[in-house]
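Residue numbers (numbering that gives the first Met the number 0), protein chains in the order written: chain A, 0 to 604; chain B, 0 to 513; chain C, 0 to 267; chain D, 0 to 317.
No lab work stands behind these hints, which were simulated from the structure alone.
Quick caveat, the model's predicted, so the values are computed rather than measured.
Built from N, CA and C at the ideal position, the CB exists for glycine as well.
Among the hints, a few may not be true.
Label-pair distances were calculated between CB atoms; the ranges are [to be verified]: (1) B:Ser373 x C:Val103: 47 to 55 Å; (2) A:Pro333 x C:Leu23: 51 to 59 Å; (3) B:Gly344 x C:Val251: 46 to 54 Å; (4) C:Arg13 x A:Pro333: 46 to 54 Å; (5) C:Arg13 x A:Glu7: 25 to 33 Å.
Chain C stretches covered by chain B per the calculated footprint, using a threshold of three residues with CB under 8 Å from any CB of chain B [claimed, not checked]: (6) 38-45; (7) 55-62.
When the alpha-carbon atoms are kept at most 25 Å apart in a straight line, the in silico PhoX-like pairs for lysine-lysine are as follows [unchecked claim]: (8) D:Lys10 x C:Lys100; (9) D:Lys6 x A:Lys60; (10) B:Lys396 x B:Lys450; (11) B:Lys175 x B:Lys138; (12) B:Lys396 x B:Lys378; (13) C:Lys100 x D:Lys127; (14) A:Lys60 x A:Lys229; (15) B:Lys341 x B:Lys378; (16) B:Lys378 x B:Lys335.
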Amino acid sequence: MTATIQVENLDIVGRRGKGVELPIVQNVSFSVQRGDMLALIGESGSGKTTIALSLLGHIRKGCRIAGGSVRVAGYDITTLTPHECRSMRGRVVSYVAQNAGSAFNPALSIMPQVVEAASVHRILPKRDLEARAIDLFRALALPDPETIGKRYPSELSGGQLQRLMAAMALITDPEVVVFDEPTTALDVTTQIEVLAAFKAVLAERGITGVYVTHDLAVVAQIADHAVVLKDGAIREAGTVSDILFQPEDPYSQALLAAAEPSVRPTQGVEEGEALLEVRDLVVGYGRPTAMGLPENVIVNHTSFSVPKGGMLGIIGESGCGKSTLARAISGLQPWASGDIFFNGVSLAGDVTLRTPEQRRHLQFVAQNADSVLNPTKPIGKTLERVVRFYGNARGEAVTRRVYELLDMVQLSPALATRLPSELSGGQKQRVNFARALAAGPKVVLCDEITAALDTVVAAAIRTLMTDLQRDLGLAFIFITHDLHALQSICDRVAVLYAGQAVEVGSAEALGAGIHHPYTRLLRASVPLMDSSWLERTRERGLAKALPVATCDPASTPPELCCFLARCPDRVSGLCDKEPPPTLFVPQGPRVLCHLPTSTRPEFST
Amino acid sequence: MQLASFLKRRTVLKGSGLLAAGMAPQNGIAAPIFGGHLKVAGVVGSASETLDPARQSMATDYIRGRLFYDGLVSLDDMLNPQLALAETLDSDGFVIWRVRLRRNVRFHDGTVLTAEDVVFSLLRHQDPSVSSQQYALAKTMQSVRAISPLVVEIVLNAPNADFPAILGISNFAIVKAGTKDFSHANGTGPFYCEEFAPGIRVIGTRNPDFWGDRPYLDSIELIAIPDDMARHNALMSGDVDLIATANPRLVQMLKEGGFGIIESPEGTYTDLSVRLDQRYGRSADFVEGLKYLFNREQIRQSVFLGFSRIGNDQPIPPESPYFNHQLAPREHDPDKAQFLLKRSGFWNEILPMVCSPAALGSVDIAVVLQYSASQIAQKIAVQRVPVDGYWTQYWMKASLGFGNINPRPAPSLTLGVGFASTSPWNESRWHNAHFDGLLSEVKSTGNDARKRQIYWDMQELIASGSGVCIPNFTTSLDAYAPHVCGLRPSQAGQLMGYDFARSVWLRGNRGRAT
Amino acid sequence: MIGIFGKLRSKHDRAVLLLVFWLLLALIGPLCSSYNPGAISSQPVFSGPSTAHLLGTDYLGRDTLSRLLDGIRHTVLLCFASTLLSCSIGTFMGIAAVTSKSWVEVLAGRVADGFLAIPSLLFALLVIAVFGTSTVALIMTMGVIYMSGAYRTSRALSQSVAQRDFVTMARARGEQMTYIIVQEILPNIAGPMMADIGLRFIYSVLLLSNLSFLGIGVQPPSVDLGSMVRENMLGVVYGSPAMIVPVIVIAVLTVGINVTLDSHGRKD
Amino acid sequence: MKNSLPKLIGKRCLAAATSLVFVVVTVFAVTNILPGDATDALLGQNATPQTVAALRHGMGLDQPIFFRFWSWLWAAVHGEFGHSLLNGLSVADAIGPRLHNSLLLAGAAALIAVPASLFLGITSAIWKDTFYDRIVSIMTLGVVSVPEFVIATIAVYVFSVRLHLLPAIVDVGSVHSLGQFLYAFFMPVTTLALVSLAQMVRMTRAAMADTLSASYIEMALLKGIGPVRLILVHALPNALGPIVNAVALSLSSLLGGVVVIEVVFTYPGIAGLMVDAVSSRDVPMVQACALVFCVTYLILTTFADIVTILSLPRGRKA
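Kindly produce the complete structure, drawing on both the sequences and the hints.
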């Protein structure tokens with residue numbers, strides 16, 4: 000029996016601008032049997048997407064196949080005419096892209112896009128296609144399957160779009176589906192829903208697939224075989240269990256090590272005097288309502304504090320108000336009520352009204368290093384400006400200080416003359432860090448700084464943070480959606496949901512004890528390196544919650560529990576009537592809930 | 000004195016008259032053919048085009064005027080007054096003029112021309128709100144009254160032997176008494192006004208009841224094409240049959256293409272006037288030096304490509320019977336110019352000289368003069384200024400500025416308007432009592448020999464004393480398609496003194512119904 | 000030598016080289032011509048090329064080559080200067096509008112829209128009336144006319160840049176407005192702005208000839224390229240170089256500068 | 000969605016009205032600051048103080064400027080644009096047929112220029128940085144850099160004078176059929192279309208190149224969508240905003256920026272009327288023409304803005 004996908008000695012080369020051709024993919028061979036799922040594992044720049052796209056006969060501009068062959072479902076991709084290629088794409092092989100948000104055409108509604116491939120290939124009449132699409136929507140557990148097709152991409156969440164894209168890929172009943180990091184951009188609680196939906200549909204239809212990802216835990220759930228790629232070449236190939244549990248190649252081992260969750264032992268930092276304190280903060284947009292609150296409340300009566308040299312993690316899913324909170328603390332977003340104290344002094348809402356000292360001591364490292372660094376300035380100049388601006392050095396000393404800063408973030412001084420575009424993502428994030436350090440801060444606010452980075456690089460950045468905390472006595476606020484990351488460096492944590500800090504406590508204690516239901520959901524949704532995790536979790540209803548999509552958190556009256564709509568443990572007559580009280584769990588966190596139960600045994604593990 | 004003897008009836012002059020005048024008809028001799036539609040392109044067209052004779056100020060206005068209206072007198076090719084609507088014109092000491100009108104002349108609306116119409120038509124020029132172009136000349140009429148239904152008596156406030164020529168000015172055309180609305184023309188002319196769209200076009204159709212000789216054309220269409228190249232292109236492509244103001248630079252090509260050119264020697268000139276009452280002009284040496292600086296031949300060759308006549312710093316053109324041909328033009332004499340300019344004390348100054356496309360050819364003349372000056376190391380700063388507002392904002396205001404003067408129907412008018420001490424249009428502010436005396440004398444004399452003598456003296460006075468430098472008289476060029484016949488040169492200006500429509504005919508089967 | 004050519008490979012240097020070439024031609028060119036631009040020769044008008052007059056003579060019988068060099072001088076210098084003026088002020092105002100308070104932006108937007116809606120002819124006449132016909136007035140006129148256009152473009156371009164985090168950071172640091180405009184935003188819109196400046200340069204070359212036609216503009220005997228074409232337009236029927244060559248020079252000048260600026264503005 | 004669509008459109012229209020007021024005031028001020036007045040154009044060299052004074056009185060020019068502006072504005076608000084100072088004809092009557100002519104010319108030119116520039120812009124975005132792209136770019140720049148009177152005059156000289164194929168002047172009155180229309184309007188329309196091409200091509204190319212690099216385009220490609228559908232259904236709607244804006248700007252200049260074309264083809268359009276009115280200081284006419292241009296500009300740009308809003312699904316739904 001011949002494999003459905005057969006890639007042999009594939010070489011792909013490419014060039015940037017008018018530069019020389021460089022190899023992107025080198026001598027790659029693999030095959031996938033009918034009905035199997037192959038995972039292509041690698042970090043950014045490993046060529047995994049290039050290989051995935053080549054399965055559809057699509058080679059990006061500036062690149063070309065230099066050798067080898069690609070056979071998919073009986074087609075020899077390298078010899079197809081453009082017309083044959085078009086007729087194969089979508090019909091025989093389909094593709095699920097990484098970022099559904101940008102892969103849907105914003106100008107068109109969902110349904111025509113979903114059925115488009117099938118209708119241009121004239122597979123079925125339009126009406127039948129729409130019926131089939133609605134079936135798929137239902138199979139993928141999408142809300143309102145009948146009407147969701149009439150909506151526009153901007154009106155749907157990332158998880159929904161990702162599933163809709165799967166529907167789009169499946170509508171033509173293809174033999175092969177290529178998934179390119181389909182869940183990377185999703186929140187964990189969403190990811191689990193999407194993964195489950197994918198797995199069910201693929202199994203039901205016997206589809207052969209290729210799954211591109213960097214997330215080993217996801218690989219464990221969904222794939223049968225795996226290929227580890229680095230720099231365009233295969234490092235190791237085999238079954239998923241071999242690769243995940245008995246990796247032979249050192250690179251595979253390194254990948255696994257970085258993915259291993261680590262919990263930082265709390266260093267017994269006493270609740271010292273708060274360096275930065277957020278008290279009852281309300282941030283929102285729009286005109287104030289009769290109650291004096293803004294029309295759209297983003298951050299809702301949130302309080303927490305960071306001691307000198309402390310490391311506070313703030314965790315929450317997208318849209319929970321993390322970034323707004325960070326912007327409010329940095330003085331970029333005025334708030335409606337509440338206070339922020341720095342060193343015991345109340346801070347002004349507008350950064351321009353704060354004193355230079357306050358501005359200097361409170362630094363913000365934003366999520367997207369690309370956007371924070373001026374692309375037209377060499378990074379040395381960017382740092383220099385900050386050093387000069389805060390008057391930390393003059394003349395010759397400025398250059399010295401810049402080199403020092405680069406050294407502090409473990410970058411070579413030679414990079415000072417480079418433009419941001421000439422640096423890798425990790426390097427840029429380090430520069431971004433150095434930029435904040437250049438001011439000579441006391442608190443550094445880090446907003447999702449590792450989200451866009453590869454696992455290994457992200458781990459290194461986090462190590463850098465702990466080093467700086469130790470060496471310089473800096474305090475950090477680390478905002479993230481990644482529970483593992485948070486646990487690996489933070490000593491305290493605030494769990495944010497719909498703008499409220501539903502739980503504030505020590506990071507170490509997250510693994511056990513009494514918690515808010517949302518914290519538990521979050522905890523249970525993080526995939527484990529175990530191929531049966533997904534089934535187990537679903538079966539036992541650990542991560543049971545109503546899907547985000549079906550409810551609008553904002554529809555709940557602001558005084559009631561914000562998690563009410565999704566909460567599996569809610570008590571009617573109590574939770575939907577009265578505002579949740581703040582409970583102080585003994586030796587545990589401060590929780591905003593009526594019933595922070597921990598009666599379930601799995602929490603004690 | 001019965002003037003009908005020297006004011007021959009226009010009808011007599013027509014046909015044989017032009018041969019008598021010594022000007023050969025173009026296109027050989029052929030029997031004129033009736034019928035056809037002629038399309039003519041003039042130069043200036045704008046929304047200010049009007050059918051009110053009093054307000055006519057542009058060439059296309061004059062053409063329209065001659066299509067639809069008649070004056071009491073018309074001017075012939077030699078600028079001699081000929082009787083038109085007037086049957087006789089008598090004068091008493093050149094002060095009281097008596098006009099007897101033709102019988103049975105009808106306006107386009109069918110009414111008959113009466114003395115009352117003439118009185119209305121002449122007196123309305125004295126009303127400032129009519130804003131007549133000839134307000135000043137009209138003011139010299141002390142009274143105008145109807146003596147009988149066909150006789151009008153005009154009393155002047157001073158004798159003027161050239162009064163018939165004044166009546167020949169197109170602005171003094173006769174309109175129906177009481178006319179206020181000039182959106183449509185109701186005249187006595189050879190064509191009816193079929194369509195008038197200011198700035199766009201005018202169409203005339205033949206007036207079957209015309210009192211004079213029947214015009215040859217069935218209809219005529221007049222448009223304006225301001226752009227030189229476009230106008231010539233329209234002629235060469237056959238879109239129009241006749242254009243006014245052909246560019247000298249294209250004459251050669253037009254001739255090679257089989258098109259005809261009419262060269263009309265007119266009295267128009269572009270002059271540099273030096274204000275005698277301001278800085279530079281106070282020095283007679285300066286004015287004299289400037290006049291020697293003009294390289295008149297070079298201007299003739301470079302600017303006009305030979306289509307001009309060299310001027311001698313006075314306004315009477317060489318074709319005029321009163322031209323003083325003993326008064327030779329000043330030669331281009333750089334040494335003398337340099338000597339005089341140095342003596343004037345303005346040698347080291349950069350002379351500001353204002354010119355504008357509004358004064359035709361002035362920019363090019365200024366450039367040639369600037370070049371002549373540069374050869375004797377005299378610096379001239381040419382200041383080219385916009386067309387609009389030139390006549391009120393710059394003309395006669397700048398110390399050194401250009402003007403452009405159109406011919407007037409009689410030398411006394413030309414000399415009086417431009418050079419009399421009291422005239423508001425005395426460009427150089429030249430005041431000469433002797434000249435003023437000669438002017439009033441010539442207006443009241445009927446003796447031609449004496450007139451000639453006075454005119455000669457006046458020309459000498461101007462050439463030597465006034466601040467006006469007249470390097471050239473321009474020759475008007477009209478170009479026409481080969482099938483257009485009956486055109487001849489005229490001293491009265493372009494397109495047979497704007498009167499071509501009464502004489503032109505089309506050869507072959509060029510007519511088209513309108 | 001190799002070093003110099005090696006350096007010229009970069010787009011930036013090619014653009015600079017082209018500008019330097021035209022500027023040098025503008026400054027030195029007229030010194031090399033064998034005739035004064037106002038000198039009238041004895042040749043007939045619109046004569047063809049000869050040994051005395053390499054490009055023949057113009058409509059008044061002047062040497063075409065000398066006038067061409069003079070025309071290049073005025074067109075290049077005046078249009079460079081006015082484009083620089085309109086684009087620098089327009090660009091600055093555009094960015095400033097984006098970075099300043101919202102009512103300033105709205106007001107500036109309305110005024111710029113209004114300026115764009117007023118025909119440039121009216122505008123030109125106004126400036127003549129107010130400032131006279133000097134060279135400075137000329138540069139001012141052309142500068143003002145194209146300022147709103149540059150304003151619009153730069154505002155549109157900088158809107159997205161002003162949202163970027165590095166601008167927010169600079170603001171949070173407490174940087175001055177000028178620093179943010181010049182150092183942070185401007186370099187990031189420079190590329191597309193360049194392409195826009197190129198088009199504006201073309202328009203200013205054309206406008207200059209129109210202004211000369213109206214009466215302001217370069218005063219005789221000097222000339223600019225557009226006016227030279229215009230005054231020799233009749234030469235088209237004789238195939239005169241006096242009309243054809245300046246057209247070619249204008250095209251080469253403007254297209255060359257645009258292509259260079261375009262590729263300079265393009266990211267690779 | 001904080002702003003509903005009618006509210007957005009209303010806001011945009013209000014902004015346009017503000018600009019209109021600015022233009023009306025500025026144009027009136029400018030025309031009055033200019034040296035000289037309408038009496039110059041009527042009396043010229045033969046002006047005398049008496050006739051000038053009488054004429055000024057007759058035209059109402061002897062009244063204070065604020066009073067004149069106010070009475071003009073009052074009448075204009077009531078739809079009455081006054082009478083030409085030069086020939087006393089109603090301004091509306093004078094502008095009417097010329098505006099019709101100009102719209103005809105501009106409309107025909109737009110019919111050619113807009114599809115052509117879309118085609119050129121889109122194709123050069125597709126084949127970005129290829130030889131084709133370069134040629135299109137250089138050709139369109141070349142066409143715009145050569146003064147339009149040169150293009151027009153040479154075209155007339157070649158096609159009318161030398162080849163006798165087309166008329167040298169446009170006789171609007173003679174157009175009664177499509178054939179006659181094509182015959183009469185071919186050259187001016189083509190010339191006008193050519194000179195307005197460059198900016199639209201460049202903007203279309205830029206917007207299209209931007210859109211074509213979006214990931215939903217790659218996605219569509221991976222669905223096996225053909226090139227035509229890819230461009231028309233997927234790319235164009237998203238690039239529409241900037242393209243429509245560029246088209247609006249170019250079209251508004253088609254109406255007012257065509258003096259040269261009108262001159263060369265002796266075409267009685269509104270641009271020539273405006274130039275004429277400015278040089279003769281015919282204030283009511285200048286005001287009315289400026290108003291026409293300004294309103295056209297504002298209608299087009301406002302329309303473009305609304306299209307931009309509508310081209311986004313958010314706008315459509317709101």
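These are the hints, each one checked on the structure:
{"no.": "1", "hint": "B:Ser373 x C:Val103: 47 to 55 Å", "verdict": "53 Å, holds"}
{"no.": "2", "hint": "A:Pro333 x C:Leu23: 51 to 59 Å", "verdict": "56 Å, holds"}
{"no.": "3", "hint": "B:Gly344 x C:Val251: 46 to 54 Å", "verdict": "49 Å, holds"}
{"no.": "4", "hint": "C:Arg13 x A:Pro333: 46 to 54 Å", "verdict": "48 Å, holds"}
{"no.": "5", "hint": "C:Arg13 x A:Glu7: 25 to 33 Å", "verdict": "45 Å, violated"}
{"no.": "6", "hint": "38-45", "verdict": "holds (count 4)"}
{"no.": "7", "hint": "55-62", "verdict": "holds (count 3)"}
{"no.": "8", "hint": "D:Lys10 x C:Lys100", "verdict": "18 Å, holds"}
{"no.": "9", "hint": "D:Lys6 x A:Lys60", "verdict": "43 Å, violated"}
{"no.": "10", "hint": "B:Lys396 x B:Lys450", "verdict": "33 Å, violated"}
{"no.": "11", "hint": "B:Lys175 x B:Lys138", "verdict": "21 Å, holds"}
{"no.": "12", "hint": "B:Lys396 x B:Lys378", "verdict": "21 Å, holds"}
{"no.": "13", "hint": "C:Lys100 x D:Lys127", "verdict": "38 Å, violated"}
{"no.": "14", "hint": "A:Lys60 x A:Lys229", "verdict": "22 Å, holds"}
{"no.": "15", "hint": "B:Lys341 x B:Lys378", "verdict": "12 Å, holds"}
{"no.": "16", "hint": "B:Lys378 x B:Lys335", "verdict": "16 Å, holds"}
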